[in-house]
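Q: These are the residues of each chain, in order.
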Amino acid sequence: MKKTHNFFVAILLFGILLTGCDKIEPPYKEGGNNGTEELTRKVLLEDYTGHTCVNCPTAAKKGLELVDLYEGKLIMMAVHAGYFADPKAAPFDNDYRTPAGTAWDGFFGMSAAGNPIGMINRQQSQGVYTVENGDWGTGVAAVIADPANIKIGISTTYNAANRNLAISLTTTALLALEPALKIVACVVEDSIVSAQRNNDATIGGATITDYVHRHMLRENVNGTWGEELAAAGQATAGAVFTKNYSLSLNSTYNADHVSIIVFVYNALTYEILQVEEKHID
Amino acid sequence: MRKLLIIILGIFCLSTLYAQDLFNNATVNGSFQTDVQFYRPDATIGIYDSTIAGRKIGINGFGNMIFTLGKFKAGMRYEAFMTPIAGFDPRQEGNGFPYLWASYTSDLIEITAGNFYEQFGNGLIFRTYEEWTLGYDNSMNGMRVVIYPMKGLTLKGVYGSQRFFWQKFERNNRGIVRGADAELNLNDAVAGWESAPLRLTLGASAVSKYQRDADPIYNLPENVGAFSGRVNLGAGNFNFMTEYAYKINDPSALNNFIYHEGQAILSSLSYSQKGLGVVLQLKRVDNMSFKSDRAISANALDINFLPPINRTHAYSLTAKYPYATQPNGEMGLQFQVNYKIPKGSLLGGKYGTGIAFNYSQVNDIVRNQVNDTTSIGQEGTLGYTTDFFKVSDHIFFRDINFEIDKRINSKLKAMVQYMNLLYDIATIEGHTGEPAVEAHLAVADVTYKLSSKNALRVEAQGLWTKQDEGDWAALMAEYTIAPKWFVAVADQYNYGNPVKDHRNHYYTVSAGYTRESTRLALTFGRQSEGVVCVGGVCRQVPASSGLTLTLSTNF
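Here the protein sequences come in this chain order: R and Y. With this note's numbering, letter number 17 in the first sequence gets 17, and the count goes up by one each step, no holes. With this note's numbering, letter number 330 in the second sequence gets 330, and the count goes up by one each step, no holes.
Chain R on its own, in the form it takes in the complex:
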């Protein structure tokens, strides 16, 4: 009787665990919810990558799927940095590294944790900034509907003849912000066709010589860490800050594919509070 009782307890335990299963039936993918708010905080997804990183195309594909889902609200920037971005023998002899990308990669511990890896608005959890690509969707969804507290306006004037690019930034604090704020402006080039190692058969072969690199960071306009936008306590509600820059666009960039990404971050925590992107014209 005692033995029967024991087995009954064991079976009951397994029964409880058996019920702890969620068998999912198709469709496996959801439509998602990209929200309808007019002015929300936009999100920057930084994809730390490299042309010899075999798993990076899969991550890039996932990031772009999210960009499509959150049309206009999620901005993606591919930062080539670390060992897998080093120039190697042809066809991997191009150097897409940038001083800013390399500095961020080291400071936030990105490629050292393994590529592909990302950051979402440079938010950290218990001191860790890295977000693995499997978590990009969840991470973006968690902040995509946050209200905006900063508005960034970008206007550009590009002279195709002499490749001069003038950038004017108008940043408005929508409410009083206590921390010191910094602003970073980056030049990003889209659709660069160049070789990429790959491990995802649904994307291509082991070496894709005509891989389309999307949203690639090319250079920083105002330094790796940008410049001060407002000292602590200076960003009162409604305060407007303007910054003007001009640069000569590198001759190797295809101007038709160049955008400016601008973000404002908390100078103490590095968290990005608002981000904006504009194609140059």
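Keep in mind that the hints are not guaranteed to be accurate.
[As the list claims (entries may be wrong)] Here are the simulated BS3-like pairs of lysine-lysine, each with C-alpha atoms no more than 27 Å apart in a straight line:
(1) Y:Lys500 - Y:Lys466
(2) Y:Lys453 - Y:Lys350
(3) Y:Lys411 - Y:Lys466
(4) R:Lys88 - Y:Lys500
(5) Y:Lys466 - R:Lys88
(6) Y:Lys350 - Y:Lys390
(7) Y:Lys343 - Y:Lys411
(8) R:Lys23 - Y:Lys156
(9) R:Lys182 - R:Lys88
[What the hints assert, rightly or not] Reference excerpt, derived from the structure (chain R facing chain Y, CB under 8 Å, subset only):
(10) Asp68
(11) Asp93
(12) Ala141
(13) Asn198
[What the hints assert, rightly or not] FRET-style restraints, in silico, Cβ to Cβ:
(14) R:Thr209 - Y:Ile376: 20 to 28 Å
(15) R:Leu268 - Y:Leu549: 34 to 42 Å
(16) R:Phe107 - Y:Leu522: 32 to 40 Å
Don't read these hints as lab results, they were simulated from the structure. This one's a predicted model, so the numbers in the text were calculated from it and none came from an experiment. Even glycine gets a Cβ: it sits at the ideal position worked out from N, Cα and C.
Given the coordinates of chain R, assemble chain Y onto it according to the supplied hints.
A: Frame of chain R, contents of chain Y only:
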């Protein structure tokens, strides 16, 4: 007032007596280890000041203590990686007590609160463990109960969260694991079977993981269950073991978010008698990565363990291309024979001769398209269908090795080994597009005893391949003055590297001193660069050059 004083004194005396009694009956044991590396620039192997980036010293250390008082035990492990030594995940950087626990054990029940390690069966659906040298720890933080309701029956129950570097568990930042296991040893449980010629043990486990679904793209299962059953049968000199595990759909970063179910089977048949041991092992794994965070592809948060069935090599070159289990799918077998040619026979000589043969091979599984419009492994689909018994032609790994060890006289003993290796570097290390490494290796290891305390050991190795980094040679000489001292010099030379500038020497000079249970070892030299790919993430393990100091003690 006087009465009060007497009462206080009485309590004090009693508590002192009790405390004395407590400490007389209690035991404390533990261990400490510190690994320190000092780095220096070494341009030949590509280490510059910029590579070191100011981190001239890396230190990993731990202290482990266990307090025992009768049926009560408590323990803690302190760790500090400041900064972690080269090759360790930068997320290790930190210090604290990641392992704290207390337990009570009686004949009926064993309860552990806090951190614990546990394994169900072979670990196919649950195993937590710690491996200091790899920086791996997937310990549970929760509760563990073991009940012995009757002779021969063991019931286990666990729940909690797993360790992820230094990140504390917070709601929804990773999954929760709960599991149960039952094991019945029929020879112990059934009266009269105690000395039966047949020994039979049955076991069954179930594990479930809960993780919230907040993904905007996929419809993800929040509760993922895994189940397994096992049999261990012994008869005479034979032993047979098999375990089968099944996991429901578990889309994750590691399987590219496919909804295919998971399966694994591990079987082993062995025969042993004096001087002879034969083992045959078979394994099939299909989509059995099981982590408590589906988004993680790094080497962390594994709920289960898929045991490798390949020989673990101990020499530096034979261990250069080690196989790593492919949780997304593999079929493997291993066959091993150990035979000792008896003393006094023609081949056995005065001391006997040991012979070992080992063959292991792992292939991919066969995957078929779910339908015409879905490619194999496409994310957000069932992924593929597979035939359980079909083996793919794609070989991940093959190791054929043969070893003879012989004591030639009372002073001299020798071991020689030949190894033939096929290593699919594209799959195992993520070097996509690179051809598989086909290599021949040979090792000779000779020990000469100069006196009862002094011995000289020389190791010579060769690795010959046309792929990857080409040919290597390694030589090592070690002088031991038992039981306290050793000094060793070693060099690995990549003389056949296809890039002439990379034909480097990786030399080391080391010395060690052991006294009682304390050991101090110093090594000066170079370590070659490598790229480690686990799951879908590749990490560069940088070359390093400098001094390494290891201090350890047990008490």
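Q: List, from low to high, the hint numbers that the structure doesn't satisfy.
A: Going through the list in order, the structure violates hints 3, 6, 9, 10, 11 and respects the others.
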